[in-house]
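Undergrad: Listed below are the residues making up each chain.
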Amino acid sequence: MSDRITEESNSSETKELEQKQDKQKKEEEYEDEELPKLLLSDVQTLPSTPPSAVESNFAIYFALDFMKPRHDQYVYRHANGLCVIGLAPSHVAFKDEGGITSTDFNVGKSDRSGVKVTGKRKKNAQHFESNTALCKVSTKNDSYIVRCCVKGSLLEVNQQLIKQPELLNASADREGYIAIIMPKPVDWLKIKPSLVNLEEYKKLREVS
Amino acid sequence: MVRQDGYQFDSFSLEVSIPPLILQNEASLWSYMQSKYGSEPWFREKIHTGCVSIKDALKFSLINPLEKLLDCKSSLCPFRIRLTYTHTKASEGVAKCSDNGGSCKRRKTGESDSIGEGTLSSSVEDESFDFSKLFPKSENEPCNFSYNCSRTPFYFGGRYLKYSRNVSQTRWIIDDERMGEASVEEIIGIKVLQACGGDNYKFHAAGREDIDVRMLGPGRPFILEVQNTRLVPTEQFANDIEKMINKEENKLVRVNNLKLVGSDGWNLMREGEGEKQKQYAALVWTSRPLKDEDFQQVSSLKDLKVAQRTPIRVLHRRSPLEREKIIHWMKMETVAGSSQYFLLHLCTQAGTYIKEFVHGDLGRTHPSIGSILGCRAEILQLDVTDIKMECFLT
Numbered sequence: 001m002s003d004r005i006t007e008e009s010n011s012s013e014t015k016e017l018e019q020k021q022d023k024q025k026k027e028e029e030y031e032d033e034e035l036p037k038l039l040l041s042d043v044q045t046l047p048s049t050p051p052s053a054v055e056s057n058f059a060i061y062f063a064l065d066f067m068k069p070r071h072d073q074y075v076y077r078h079a080n081g082l083c084v085i086g087l088a089p090s091h092v093a094f095k096d097e098g099g100i101t102s103t104d105f106n107v108g109k110s111d112r113s114g115v116k117v118t119g120k121r122k123k124n125a126q127h128f129e130s131n132t133a134l135c136k137v138s139t140k141n142d143s144y145i146v147r148c149c150v151k152g153s154l155l156e157v158n159q160q161l162i163k164q165p166e167l168l169n170a171s172a173d174r175e176g177y178i179a180i181i182m183p184k185p186v187d188w189l190k191i192k193p194s195l196v197n198l199e200e201y202k203k204l205r206e207v208s
Numbered sequence: 001m002v003r004q005d006g007y008q009f010d011s012f013s014l015e016v017s018i019p020p021l022i023l024q025n026e027a028s029l030w031s032y033m034q035s036k037y038g039s040e041p042w043f044r045e046k047i048h049t050g051c052v053s054i055k056d057a058l059k060f061s062l063i064n065p066l067e068k069l070l071d072c073k074s075s076l077c078p079f080r081i082r083l084t085y086t087h088t089k090a091s092e093g094v095a096k097c098s099d100n101g102g103s104c105k106r107r108k109t110g111e112s113d114s115i116g117e118g119t120l121s122s123s124v125e126d127e128s129f130d131f132s133k134l135f136p137k138s139e140n141e142p143c144n145f146s147y148n149c150s151r152t153p154f155y156f157g158g159r160y161l162k163y164s165r166n167v168s169q170t171r172w173i174i175d176d177e178r179m180g181e182a183s184v185e186e187i188i189g190i191k192v193l194q195a196c197g198g199d200n201y202k203f204h205a206a207g208r209e210d211i212d213v214r215m216l217g218p219g220r221p222f223i224l225e226v227q228n229t230r231l232v233p234t235e236q237f238a239n240d241i242e243k244m245i246n247k248e249e250n251k252l253v254r255v256n257n258l259k260l261v262g263s264d265g266w267n268l269m270r271e272g273e274g275e276k277q278k279q280y281a282a283l284v285w286t287s288r289p290l291k292d293e294d295f296q297q298v299s300s301l302k303d304l305k306v307a308q309r310t311p312i313r314v315l316h317r318r319s320p321l322e323r324e325k326i327i328h329w330m331k332m333e334t335v336a337g338s339s340q341y342f343l344l345h346l347c348t349q350a351g352t353y354i355k356e357f358v359h360g361d362l363g364r365t366h367p368s369i370g371s372i373l374g375c376r377a378e379i380l381q382l383d384v385t386d387i388k389m390e391c392f393l394t
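Top to bottom, those sequences are chains A and B.
The UniProt record's numbering applies: residue 1 is where the first sequence begins, and numbers increase by one.
The UniProt record's numbering applies: residue 1 is where the second sequence begins, and numbers increase by one.
It is possible that part of the hints are untrue.
As the list claims (entries may be wrong) - Computed footprint of chain B on chain A; a stretch qualifies when at least three of its residues, placed anywhere within it, have a C-beta under 8 Å from a C-beta of chain B:
no.	region
1	174-181
2	188-195
Said to hold, decoys possible - Calculated cross-link-like contacts (lysine to aspartate or glutamate; reagent style DMTMM-like; alpha-carbon spacing at most 20 Å):
no.	chain 1	residue 1	chain 2	residue 2
3	B	Lys59	B	Asp71
4	A	Lys116	B	Glu324
5	A	Lys95	A	Asp187
6	B	Lys355	A	Glu166
7	A	Lys120	B	Asp71
8	A	Lys68	A	Asp142
9	A	Lys122	B	Glu322
10	A	Lys136	A	Asp111
11	B	Lys355	A	Asp173
12	A	Lys95	A	Asp173
13	A	Lys116	B	Glu322
14	A	Lys123	B	Glu322
15	A	Lys184	B	Asp292
16	A	Lys163	B	Glu322
17	A	Lys95	A	Glu166
18	B	Lys302	B	Asp292
19	A	Lys120	B	Asp292
What the hints assert, rightly or not - Now the stretches of chain A that chain B is said to cover, found in silico as 3 or more residues with beta-carbon under 8 Å:
no.	region
20	50-63
21	115-125
22	154-165
Source of the hints: derived by calculation from the structure; they are not laboratory data.
Backbone N, C-alpha and C define an ideal beta-carbon position, used for all residues, glycine too.
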């Protein structure tokens with residue numbers, strides 16, 4: 001009788017061991033077969049050029065002839081309300097020979113690159129109007145003022161532009177952004193009607 | 001009432017709350033006796049052997065009949081029965097205490113009745129207040145009585161997988177509209193809540209992923225806290241719930257290794273949460289075709305330091321900081337015979353923003369895949385493939 005009991009307990013032990021081994025095998029199989037299948041399951045039709053991160057995450061607007069003719073700037077607005085400001089490709093500064101040679105954030109009453117904004121509440125951020133000067137970009141013969149375009153708190157200026165102003169010539173629409181501004185919802189609604197979207201911009205500036 | 005609510009239990013723990021007025025009377029009686037008999041030897045002896053307070057006496061007298069009625073023993077256990085006696089007449093002592101100001105501390109407790117108690121018991125210790133001045137007045141009104149019972153929370157631990165790119169981790173509602181079609185916490189929480197008859201749940205996970213990012217591999221550790229369950233969950237119960245969640249038709253979420261955990265579950269999950277490494281697979285596009293040298297260059301980078309400024313997409317609610325993160329290793333894999341699409345496998349420090357590491361976030365994350373390869377890079381989809389933590393793996 002005791003033999004039978006030990007036999008039974010042995011077989012249940014082996015059963016447990018088998019189950020464990022099965023589980024391990026399944027996990028290994030998963031790693032080798034299932035996971036890769038899962039990872040690529042959505043890769044059916046890949047576009048030759050996918051939308052960029054800016055196109056996917058921001059609504060793109062342009063401010064044309066802002067305070068002066070041909071002073072065109074872009075405003076990328078994120079779903080969270082933040083606005084990235086920069087020079088549009090049709091900005092007059094790019095027409096000068098040699099392109100942009102230097103930038104200076106020390107305009108108006110303060111050096112915009114000096115302010116340290118801290119904390120979730122964005123303490124110390126300066127509140128600017130839409131026509132407040134952000135920075136001055138200079139070419140060989142001329143200089144141009146870049147403005148906020150949107151009334152709000154200045155969260156950040158692109159410090160990289162100080163040492164690498166050529167970023168503006170190569171990629172003003174990405175790494176050459178000028179600043180990030182946080183407008184109040186009510187101020188955004190006020191300025192929005194004066195901005196144009198990408199389609200309108202292309203038409204008005206005859207860009208492809 | 002206990003039966004009415006459908007509580008399942010095999011023992012209970014009794015808590016009694018009595019009105020401050022009684023405590024005050026008791027205290028004033030004591031100080032009176034103290035002043036009158038303090039010098040008598042028999043009094044001193046009594047103090048040494050200890051005296052039973054009114055509250056304890058009440059408790060002792062109630063426990064036995066309750067045990068008989070509910071047919072089980074009382075002991076320290078998760079199921080609590082609370083009997084609350086209140087009296088319309090507020091305690092004079094309490095009013096006088098609040099006048100005293102500083103010496104009385106108002107301790108905040110779970111039940112509102114005990115605030116009066118707390119204030120009083122702390123002032124009883126304050127010897128400068130002479131209770132013998134407050135003479136107990138004879139009372140004609142009986143106390144009001146109320147009761148309720150509850151259970152201390154139960155905790156389930158496990159790992160969840162998220163197969164959908166339209167399911168958020170927690171309930172996400174903006175302007176009365178739900179973002180995504182469901183949430184992991186609701187899918188798991190509602191099932192568990194219904195099955196064990198709880199009042200509500202709290203979902204805690206070790207980190208989180210975006211709504212459009214899948215959670216694959218062994219899954220992400222989580223703890224589900226369920227309050228005031230009517231049934232007592234067991235291991236078998238946890239197994240059954242796990243099977244039930246995984247059988248769901250739409251297969252949005254999967255749960256592994258669901259089991260009951262004690263307080264050690266918290267420690268396991270929180271321990272080193274910030275240091276644990278995470279593994280990802282990202283579908284990346286580059287603006288120029290890639291060659292073998294590019295693949296090798298990327299694989300050769302070990303423990304790469306990356307400076308990430310707070311991504312613009314979260315900058316509205318997080319501090320503007322520059323955080324240094326480490327990419328431990330990377331591996332690239334070609335996809336669908338394309339020379340501009342590939343699968344990037346990477347293992348990073350906890351807290352690294354992967355999407356920004358790929359597209360560079362307008363240069364605010366440096367280096368990025370784009371800057372390493374000298375071209376533009378975009379991320380099309382992201383999956384979490386491993387969370388390297390020890391907990392809830394079985």
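Undergrad: Going straight from one Cα to the other, do Lys116(A) and Glu324(B) come out at no more than 20 Å?
TA: Holds: Lys116(A) and Glu324(B) sit about 19 Å apart, inside 20 Å.
Undergrad: With the threshold set at 20 Å, check whether the alpha-carbon distance from Lys120(A) to Asp292(B) stays at or below it.
TA: Violated, because 44 Å separates the two Cα atoms, which is more than 20 Å.
Undergrad: Can the region 50-63 of chain A be counted as covered by chain B under the rule of three residues or more with Cβ-Cβ separation shorter than 8 Å?
TA: holds (count 6)
Undergrad: For a C-alpha distance cap of 20 Å, please report whether Lys120(A) and Asp71(B) respect it.
TA: 56 Å, violated
Undergrad: Is Lys136(A) within 20 Å of Asp111(A), Cα to Cα?
TA: Holds, at roughly 11 Å.
Undergrad: Is the straight-line distance between the alpha-carbon of Lys95(A) and that of Asp173(A) 20 Å or less?
TA: Answer holds: Lys95(A) to Asp173(A) is near 16 Å, not above 20 Å.
Undergrad: Residue count check for the region 154-165 of chain A against chain B: does it reach three with CB-CB under 8 Å?
TA: It holds: at least three residues are needed, and the region 154-165 of chain A offers 4 whose Cβ sits within less than 8 Å of chain B.
Undergrad: Would you check chain B against the region 188-195 of chain A, counting CB to CB pairs closer than 8 Å, and say if three or more residues qualify?
TA: That given contact is violated, which follows from only 0 residues of the region 188-195 of chain A lying within Cβ reach (below 8 Å) of chain B.
Undergrad: Hinted pair, alpha-carbon criterion (20 Å max): Lys123(A), Glu322(B). Please report holds or violated.
TA: Holds. Lys123(A) to Glu322(B) sits at ~16 Å (cutoff 20 Å).
Undergrad: Mind checking the alpha carbons of Lys184(A) and Asp292(B) for me, to see if they're no more than 20 Å apart?
TA: Roughly 49 Å separates the two Cα atoms, so the pair is violated.
Undergrad: Verify the proposed pairing of Lys302(B) with Asp292(B), using a straight-line Cα cut of 20 Å.
TA: Measuring from Cα to Cα gives roughly 18 Å; hence the hint holds.
Undergrad: Given the hinted pair Lys163(A) and Glu322(B), is their Cα-Cα distance within 20 Å?
TA: 19 Å, holds
Against the hints set out earlier in the document, violations occur for numbers 2, 5, 6, 7, 15, 19.
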